[in-house]
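*Asks:* Sequence order for the protein chains is D and H.
If you count the first sequence from 1, position 150 lands on 150 in the UniProt record's numbering, and the numbers rise without skipping.
If you count the second sequence from 1, position 76 lands on 76 in the UniProt record's numbering, and the numbers rise without skipping.
In case anyone wonders, no lab produced these hints; they're calculated from the structure.
Quick caveat, the model's predicted, so the values are computed rather than measured.
Some hints could be false.
[To be verified] So the derived label-pair ranges between C-beta atoms look like this: (1) D:Phe201 to H:Lys151: 21 to 27 Å; (2) D:Val176 to H:Ala26: 25 to 31 Å; (3) H:Ile40 to D:Val229: 43 to 49 Å; (4) H:Ala26 to D:Ile231: 43 to 49 Å.
[To be verified] With a cut-off of at most 25 Å between alpha-carbon atoms, the simulated DSS-like pairs for lysine-lysine come out as follows: (5) H:Lys82 to H:Lys155; (6) H:Lys148 to H:Lys96; (7) H:Lys12 to D:Lys116; (8) D:Lys116 to H:Lys82; (9) H:Lys151 to H:Lys96; (10) H:Lys97 to H:Lys154.
Just so it is clear, CB atoms sit at the ideal spot from N, CA and C, and this is done for glycine as well.
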Amino acid sequence: MSHSDTIPLNPSSQSDIDEIENLINSYPTSVLPARPPSPPRASIPVSSTPPPPPTFISSNLPPPTIPEHNPMPSAAAPPRPPISSPAVPTATTSISSSGFGSPPNTLTEPVWDTVKRDFSRIGSNLKLVVFPNPYREDPGKALRDWDLWGPFFFIVFLGLTLSWSASVKKSEVFAVAFALLAAGAVILTLNVLLLGGHIIFFQSLSLLGYCLFPLDVGALICMVDNVIVKIIVVAVALAWSSWAAYPFISSAVNPRRKALALYPVLLMYVSVGFLIIAID
Amino acid sequence: MLPSGENYAHPKICFFHVLFKAAALAFYILSALFFDSFVIIFVVTVLLSALDFWVVKNVSGRILVGLRWWNEINDDGESVWKFECLDQESLARMNKKDSWLFWWTLYLTAVAWIFFAIFSIIRFQADYVLVVGVCLTLSIANIVGFTKCRKDAKKQLQAFATQTIASRFSSTIQSAFSVV
C-alpha cells in the first residue's frame, strides 16, 4: 500500500518485535564471554587492550572464526533494516560484533602464545603481590587473575632449598615443607572464610603462595652457614612476606577480626622462617 | 567402540596429550627401582603431572575437542567459571578418533591414580599418598572441567537451534509486516 512507510506500526507489535530482536541479540552475550580474550585465569584487563589478531594453527580444520561469524550476524541482520526504531539496532550491533571478536582467539591461538601469556601472568601477579604498586589499596582487583603456577613453583623451590641445606633426612624435610605450606595455605584460607571474610578460595591460595617469594629468596641466601646472617636475612624476608600479605587479608575480613585472620598467617611464616634458620 | 576409518587429525598433539600422563605414571612406578630419594620422585612426578594438566587444559582440550574452561573473577569480586567451545560446525567436524583418545586417556589416568592411592594407603606410606593425591587432584580437576564444558556445549547447541528458529520466525514477521 502507498501509506506503508508513513503509517506507524501498532505500538504493541513494535514492542513484540523489539522483544524478539533482543532475544536474538542477547544470545551471544549470555553464552560467550564478552570481554576481550579471556584465557584461563585471565590476565588481560577488560579495558583497553585490543584482542590479538586471530592466528590459526595449521590443522585440518578450516579456521573456525569465519563460519562462526557468519551465521549469527546474517541471522540478525535481515530483521534490522526494516525496523524504524533506531536505538535498539545500534546497541545490539556493537554487542554482537565485540562478542564474536574474542572467543576464537583463545581457542585457536598457537601454543606458544598460551605459554607466553601464562608466564607473563605469573610475572605480573608476582609484581602485584610482592612489590609496592598502586593497586595495593584495592586488593580484590589486584589479584583478580589468580593462578596457581607461581605458588606451585615457589613452594617446590622452597622445599628443594630446605632439602638441599639439610644434611640428613632430606626427603622428610622436603615432604614436611611441601605439606606444611600447601596444607597451611588451605587452612589459612578456610580460616578467613570462616571468620566471615569475603575472599575467593583460589585467589587466597594464590596470594599466600606468591607471598612466599621473599622467603624463597631468604632461604636461598641462607645457604651460607653463618647463624647471624641467617637470622637477619630471615627476619627481613619474614617482614617482607607479612607486609605483602597484610593488605589482602585485612581487607577481606571485618576490621574487628583483622588480628584473628592475620595472626595465623604470621605464625605460619614465622614457623617457615624457623625452619630455614634451623636447617643445617 | 574404537572408531576406525579416519586417522588422527592431530597426531603430535595426541602424542603430547598421552606423553606426560604416561611419563608421570611410569616414573612413579619405576622410580622405586632406580631412585632412593623421595624428593626426586615427588618433584618429577608432580612436575610431570602439572605439565600434563597444563597441556590438557590449554592445548589438547582446545585442539582435540574444541573445549576450554577457566575461572574468572568478575567486577563484583565473585568467581565465575567460564566454559567456551568452538561453534557447532567446527565441533561437528572434530576428528572422532582424537576425541575418543582424549576422553579415554583422561578417565584411565584418573583410575590409575586412584588405584595407586589405595595401594599406598594400604601400605601406610604417607609421603607417597601425598604424591598420588596431588596427581589425582590434577586429573580430576581436568575431568570435571571438561565434562562441564561439554555439557555447556550441548546446551549451547540447543540454544543455537532455538535461536535460529526464533530468528527465522521474526524475519517472517518482519516480511509480513513490511508487505502490509
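*Asks:* Does each hint hold? Answer for all of them.
*Replies:* We went through each hint and held it up to the structure:
no.	hint	result
1	D:Phe201 to H:Lys151: 21 to 27 Å	23 Å, holds
2	D:Val176 to H:Ala26: 25 to 31 Å	27 Å, holds
3	H:Ile40 to D:Val229: 43 to 49 Å	29 Å, violated
4	H:Ala26 to D:Ile231: 43 to 49 Å	44 Å, holds
5	H:Lys82 to H:Lys155	14 Å, holds
6	H:Lys148 to H:Lys96	19 Å, holds
7	H:Lys12 to D:Lys116	20 Å, holds
8	D:Lys116 to H:Lys82	21 Å, holds
9	H:Lys151 to H:Lys96	18 Å, holds
10	H:Lys97 to H:Lys154	20 Å, holds
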